[in-house]
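Peer 1: In case you want the letters, here they are:
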Amino acid sequence: MPTVVDTRAAAPGSSTFGASRHSSVALVAAIVIALGLVTARMVSSAVVPAGVLPNRLQDGLTLGMSVLIESLPFVVLGIVISIAVRIWLPDGVFVRVLPRSPWLRRIVISFVGMLLPVCECGNVPLARGLMVRGLTVAESMTFLFAAPILNPITVITTAQAFGWSGGILVARIAGGFFIANLLGWLFSRHPDPESLLTAGFAAECRLPAHEEHGTRWNRSVQLFSTEAANLLPALFVGSVAAAAVQTLVPRSVLVVLGTDPIWSVVAMIGLSFIISVCSTVDAFFILPFATTFLPGSITAFLVFGAMIDIRMIALLRTTFSTRTIIQLFAVILLATAALSWLVNLVA
Amino acid sequence: MLLVAVVSIATIWFAIGGRLDYYVHPRYLVFTVIMASIALALCVARAAMIIRRPVAHTNHDADHDDEDDDPPPATRRQAALSGLAVLVAVGMIVFPPATLSSATALQRDLTGGTTPAGGSSLSSAQSASSAAFAKFTVLDWSSLLRQTSNVSFYAGKPVAVEGFITPSPTDAANTFYLTRFVITCCAVDAQPVGVPVYLPNWRNSYKSDEWLNLTGGFEANHSTSSADPIALVPSGVKKISAPSDPYLY
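Each protein sequence line maps, in turn, to chains B and Y.
Convert by adding 8 to the 1-based position in the first sequence; the result is the number in this note's numbering.
Convert by adding 2 to the 1-based position in the second sequence; the result is the number in this note's numbering.
If you are wondering where the hints come from, they were derived from the structure by calculation, not from laboratory data.
Do not take every clue at face value.
Computed Cβ-Cβ distance ranges for the label pairs, DEER-style [claimed, not checked]: (1) B:A346 with Y:H224: 51 to 59 Å; (2) B:A346 with Y:T150: 52 to 60 Å; (3) B:A182 with Y:T150: 32 to 40 Å; (4) Y:P245 with B:V253: 25 to 33 Å; (5) B:V36 with Y:I36: 23 to 31 Å; (6) Y:N215 with B:L256: 27 to 35 Å; (7) Y:I36 with B:F119: 24 to 32 Å.
Selected chain B positions facing chain Y (Cβ under 7 Å, derived; list incomplete) [unchecked claim]: (8) R64; (9) L80; (10) V248; (11) V339; (12) A343.
Computed from a predicted structure; not experimentally measured.
Built from N, CA and C at the ideal position, the CB exists for glycine as well.
Starting from the given sequences, assemble the full structure and let the hints guide the process.
Peer 2: Written out as C-alpha cells, the structure is:
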C-alpha cells in the first residue's frame with residue numbers, strides 16, 4: 009500500500025490549506041463534543057438519581073466500566089513502551105542482544121516480561137511494536153503469552169497466595185513458559201507468517217523503517233493516537249462482553265464441579281475465560297476456591313486466564329486474523345487442560 | 003482517540019470525586035490516575051498537532067479515529083464496533099457511578115461455599131477480645147460462620163456490622179443477608195459475603211439494597227424456612243447512606 013506523501017513541510021499558503029481547514033473544523037467539533045460530555049456528566053450528577061437503571065442493567069454497566077477503567081492504564085502503559093520500542097530504540101538492538109538460533113531467541117524473549125511488568129492487555133500494543141521493529145510473529149507470540157506469567161509481580165502474588173502447596177506456583181510458571189514457547193515453535197513453522205496477522209497490521213509491519221516525517225516526539229504522539237484508535241474500540245467491546253457474560257451466567261453453575269478431577273479443570277478454564285482478571289492478582293481471586301477445587305483446576309485457572317480471556321480476544325483481533333486466534337485458543341486450551349489434568353494426577 | 007479521552011476524563015473525574023474505588027481496587031488508584039493523565043496529555047498533544055500543522059493526506063493517515071481504509075466489509079464492522087464503544091462511553095458519562103447491587107450478590111453465589119480470603123480464622127477469633135469482635139466486618143463473621151455453627155461460640159459476642167440488604171432466597175419475608183462485596187482487582191471479580199439476619203417482616207420498613215448498620219448478637223435461627231442455622235438477631239437497626247468506600251478488600 010503506497011502512502012501518500014506527507015506534505016506537512018509544505019508552505020501553509022499552498023493547496024493544503026483546504027485540507028487543514030477540514031481538520032481544524034473536525035477538531036473544533038471534537039472539542040465541542042468533549043466539552044458537551046463533561047457538561048453532561050456534571051448535569052447528570054445533579055439531575056439523574058442514583059437508582060434510575062434497573063439493578064441488572066446498572067450492574068452490567070458498572071462491571072463493564074470497571075474492566076475498562078482497570079485495563080486502560082495498562083493498555084496506555086503498553087502503548088507508551090511500544091512507542092519507545094518503535095521510535096526511540098536504536099536500530100539493530102535486537103540483532104545485537106538476542107541469540108541467533110530461533111528457539112533460544114524465543115526462550116530469551118519469554119523472559120522480557122520480567123523487565124516489563126504490564127498486565128496481559130498492555131502486552132498487546134507492546135507485541136505489535138516488537139513485530140513492527142522486526143521480531144517475527146512467532147517470537148512476538150511467545151512474548152505475548154509468556155509475559156503475563158513470567159513477570160515479577162505475578163510470581164510474587166502467586167507465591168504469596170499459595171506458597172508451595174499443591175505445586176501450583178511451579179506448575180503456573182513452568183506451564184506458562186512451556187505453552188508460550190510451544191506456541192512460538194508451532195507458529196514459527198508456518199510458511200507464511202504474514203497471513204497470521206490482520207491485513208491492516210501486516211501492512212503496517214511492511215512499511216519501510218525510514219518513513220521519517222517530523223521529529224520523534226511528533227511521531228510518538230501520532231503513533232499514540234493511531235494505536236489508541238486501533239485498540240480502544242476492541243477494549244470497549246471486550247469489557248462489555250466480559251461484563252455481559254458475568255451478568256448473565258450465574259456463578260454457582262461452575263462451583264458445583266469443584267471436586268471432579270476432570271470437570272473441575274474445565275469449569276476453571278471456563279471461569280478464567282469469563283472473568284478477565286489481571287494476571288498480577290488473580291492468585292488472590294482464586295485462593296478461596298482452593299478449598300473446594302483440586303490443585304490442577306486452580307493451575308488451569310491461573311495459566312489459562314493469564315493468557316487468554318474475553319477481553320484479550322477482542323484486543324488480539326486488532327492484530328491477528330480470526331483463524332490465528334482460533335488456533336491460539338485451541339492450543340492454549342489443550343495444553344492447559346493437559347497440564348492441569350497432569351497436576352491433578354500427581355498432586 | 004476520542005474514546006481514550008472519554009475514559010481518561012471519566013477516570014480522573016471519578017478519582018477526584020473519590021468514587022474511583024467503586025470500580026477498581028484502591029491499590030491501583032495512583033497508577034490509574036497517572037496513566038489517565040498521561041493519556042489525556044497525549045490526546046491534547048495530538049489535537050494541538052492537528053491544529054498547528056495542516057495535514058494533507060486523507061488516504062492513509064491513521065488519525066481518522068473510526069474511519070478505516072480497509073475494504074467495505076471491514077469498515078462496516080469497524081463502524082459497528084465504534085458505535086458500540088460510543089454507546090458505552092455515553093453510558094459512562096451520563097449515569098452516575100454506582101456500586102454493585104443485590105442482583106449481582108445473589109447471582110454470584112452469596113450462599114455458596116466459597117469465602118474470600120481475609121476473614122478471621124476460628125483460632126484467632128477464640129482468643130479475641132470483646133472490642134475486637136465489635137470491629138468485625140461481615141467478611142469476618144461470614145468466615146466464622148462457615149467454620150463453626152456452634153451456637154455457644156457466638157453467645158455473648160457483640161456484633162456491629164454494616165452492609166446492604168440482599169433478600170434471602172429461602173425465606174424472603176423474614177430473613178435477609180447483610181452483604182458487602184470483596185474485591186481483588188476490579189469490580190468485575192467482586193465476590194459477595196454476607197451474614198444472615200433475622201428480622202421478621204423487614205420489608206415493611208426497609209428495601210432491598212438499602213444500607214444498614216446493625217448491632218446485636220448471633221443466635222440459632224428462629225426462621226422456619228431459612229437454610230442457615232445461625233442468624234443475627236438485631237437489637238439496633240440504623241439506616242445509613244452508602245459509604246464512600248463500599249467494598250472490602
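Peer 1: Provide an ascending list of the numbers of those earlier hints which the structure does not satisfy.
Peer 2: Hints 2, 11, 12 are the ones this structure does not satisfy, whereas the remaining hints hold.
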